[in-house]
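Novice: Sequence:
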Amino acid sequence: MFSSVRGGIALLRACLSSSTVRPCPQQWNKSLFRNYSTELRMKKTSNADTKKALSRSTSLFKTYKPVTPGIRHLKRPLNPHLYEGRPVRALTIAKRKKGGRNSHGHITVRHRGGGHRQRIRTLDFVREEPGIYDVIRIEYDPGRSAHIALVRSRNSEHEGLQRWKYILATDGLRAGDEVQSFRQGIPEGFIPELDAAKKEEEKNTEVAGEQSGGQGQKASSAHLLALGILRTMTLKPGNVLPLKLMPPGTVIHNIALQPSGPGILVRAAGSFGQIVSHEDAARYTHVRLQSGEVRKVLSDCCATVGKVSNPLWKSRNLGKAGRSRWLGRRPSVRGVAMNAYVHLLTIVLRSQMTEFHRCDHPHGGGRGKSKSDKHPVSIWGWGTKGTRTRKPGPKGPKNSNKMVIRERPRGKAKRN
1 MFSSVRGGIA LLRACLSSST VRPCPQQWNK SLFRNYSTEL RMKKTSNADT
51 KKALSRSTSL FKTYKPVTPG IRHLKRPLNP HLYEGRPVRA LTIAKRKKGG
101 RNSHGHITVR HRGGGHRQRI RTLDFVREEP GIYDVIRIEY DPGRSAHIAL
151 VRSRNSEHEG LQRWKYILAT DGLRAGDEVQ SFRQGIPEGF IPELDAAKKE
201 EEKNTEVAGE QSGGQGQKAS SAHLLALGIL RTMTLKPGNV LPLKLMPPGT
251 VIHNIALQPS GPGILVRAAG SFGQIVSHED AARYTHVRLQ SGEVRKVLSD
301 CCATVGKVSN PLWKSRNLGK AGRSRWLGRR PSVRGVAMNA YVHLLTIVLR
351 SQMTEFHRCD HPHGGGRGKS KSDKHPVSIW GWGTKGTRTR KPGPKGPKNS
401 NKMVIRERPR GKAKRN
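Read in order, the letters of the sequence shown are residues 1 to 416 in the numbering used here.
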């Protein structure tokens, strides 16, 4: 037994003595070590490269490879011209969210709450200052569906916020373009032919007699020529003009209802209005709105030429419910899935009769998914899906519909 152990120890000593000493890792071939390590080292890729690999770009929308359920149906409009940085902080205001609650803590607007932190961009809907403004960049605005444009005034006297402002971006507006406001009228010297035509008209009004007719025809032709040149130089996307200076058929947006007021109508993404005609008295202009309603607007009111930007916004697809939560939208529960609507409930509390309404939804209750052959109504019992709740004319507010020439199409007329 001991002899075998001694023989094993001797064999082990012989092997150790005959083997050469291995070099330490510092003496290894550096080139071999470098090649071996680079094969195991993972290649670092940026976030942009990952998105590029997963994206499937089309001509209008950007889709993604369905590696996760959340991006299978995700569809975003392609907007490579948007600025990827942060907005100008001086032109923003902090947005304090209230979750749809009033000062008493009661929910007055449902389906609101949470979401990412946002800042309100202060836009200039009046654009009263004349002069040329250069478009610096087009930005995304979380507070609206349309894009906004950062513009800078060329007037050296303007400083600070007078020189920089945000405006509603017109479709096709890009960085480097020029926009101008003619709310205060056409400046002198802008079109020399127009000034000459005005002077000829003033002379013709002073001159009376038989020669006034021929001079009047010349003056009218000169005036029409100057008016054509004026429209050619002013009717550009993004410019602000009074409605009386626009010919019928002009596409407009950001329409004001008062001559000195801000733009109120047609401000959503992809929307536009159109001038139908001018009245003979030149007091009102007929404008067709996005809904199809034809309405009278004062001719001295101003509007912006062109269509609102981001027309593909309505065809987007968020892809998952989490993106709605990021936007500050809470879930909406169907009325059929709620409890029944009890009109009046009487309960005895502390020896007192207490009456209150217990209302979940008029469509709630019952067995199965049925609303019991009731007309579709809201949670408060108002008629919905076509039922008109506003009473125009003599039964409604006084003079509430006098400016509407033709109401918007409804029902079958809307489908046609």
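Hints may contain errors.
[Unchecked claim] Label pairs and their computed distance ranges (CB to CB):
hint, residue 1, residue 2, range
1, 376, 126, 22 to 28 Å
2, 312, 126, 46 to 52 Å
3, 327, 387, 27 to 33 Å
4, 94, 73, 29 to 35 Å
5, 82, 104, 39 to 45 Å
6, 334, 103, 38 to 44 Å
7, 291, 315, 18 to 24 Å
[What the hints assert, rightly or not] Taking lysine-lysine and the BS3-like style, the derived pairs with C-alpha atoms no more than 27 Å apart in a straight line are:
hint, residue 1, residue 2
8, 95, 244
9, 402, 414
10, 307, 296
11, 296, 62
12, 402, 385
13, 75, 244
14, 75, 412
15, 307, 236
16, 75, 307
17, 95, 320
18, 307, 320
19, 374, 385
20, 314, 385
21, 412, 374
22, 296, 236
23, 320, 97
24, 320, 75
25, 296, 374
26, 236, 320
27, 412, 385
28, 314, 414
29, 414, 307
To be clear, the hints were calculated from the coordinates, so they are not data collected in a lab.
Note that the coordinates shown come from a computational prediction; the quantities given were computed from them, not determined experimentally.
Where is the CB? At the ideal position from N, CA and C, for every residue including glycine.
Novice: Each hint should be assessed against the structure and marked as holding or not.
Specialist: Hint-by-hint comparison with the structure:
no.	hint	result
1	376 with 126: 22 to 28 Å	41 Å, violated
2	312 with 126: 46 to 52 Å	28 Å, violated
3	327 with 387: 27 to 33 Å	29 Å, holds
4	94 with 73: 29 to 35 Å	34 Å, holds
5	82 with 104: 39 to 45 Å	40 Å, holds
6	334 with 103: 38 to 44 Å	30 Å, violated
7	291 with 315: 18 to 24 Å	19 Å, holds
8	95 with 244	38 Å, violated
9	402 with 414	22 Å, holds
10	307 with 296	20 Å, holds
11	296 with 62	41 Å, violated
12	402 with 385	26 Å, holds
13	75 with 244	41 Å, violated
14	75 with 412	31 Å, violated
15	307 with 236	11 Å, holds
16	75 with 307	23 Å, holds
17	95 with 320	25 Å, holds
18	307 with 320	30 Å, violated
19	374 with 385	12 Å, holds
20	314 with 385	20 Å, holds
21	412 with 374	22 Å, holds
22	296 with 236	23 Å, holds
23	320 with 97	23 Å, holds
24	320 with 75	11 Å, holds
25	296 with 374	39 Å, violated
26	236 with 320	40 Å, violated
27	412 with 385	13 Å, holds
28	314 with 414	18 Å, holds
29	414 with 307	22 Å, holds
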